[in-house]
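Numbering-wise, the sequence shown is residues 232 to 330 according to my numbering.
For the record, the hints were derived by calculation from the structure and aren't laboratory data.
Where hints are given, some of them may not hold.
[What the hints assert, rightly or not] Simulated DEER-style distance windows between Cβ atoms:
#1 Leu266 <-> Pro243: 18 to 26 angstroms
#2 Arg240 <-> Asp283: 36 to 44 angstroms
#3 Gly290 <-> Arg240: 39 to 47 angstroms
#4 Gly290 <-> Leu242: 14 to 22 angstroms
#5 Val265 <-> Phe315: 17 to 25 angstroms
Using N, Cα and C, we set each Cβ at its ideal position, and we do this for glycine too.
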Amino acid sequence: MISRSSIIRYLPTLLLFLLLIVSFLPFYTDGSSVLYPFTKSLFSRICHGISDRCFEINGMSLHLCSRCLGIYSGLFAGSITILFLKNRMTVLPKEDTCL
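Using the sequences plus the hints, can you model the full thing?
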């Protein structure tokens, strides 16, 4: 059985992964999908979605603007990095060695 601490540890990474996958829905469909308008309305709550600032694929803009896409991609990359490096980094460096 999966422990509660491991669920809490992996949940933010999983949610960011799902957010990025769903934001690229125009890559997977041509806009005829029933999910596209629903997901577009959900993403409008976290991003303005102005079409001039969004990447376009097949004539349809992505759910996230380029700025928000960069922010969430960076958060996802950081969370993946933390998952792999958390076990290796057990001791913090001394204050005088930081700079």
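*Of the hints given before, which are not true for this structure?*
Of the numbered hints, 4 and 5 do not hold.
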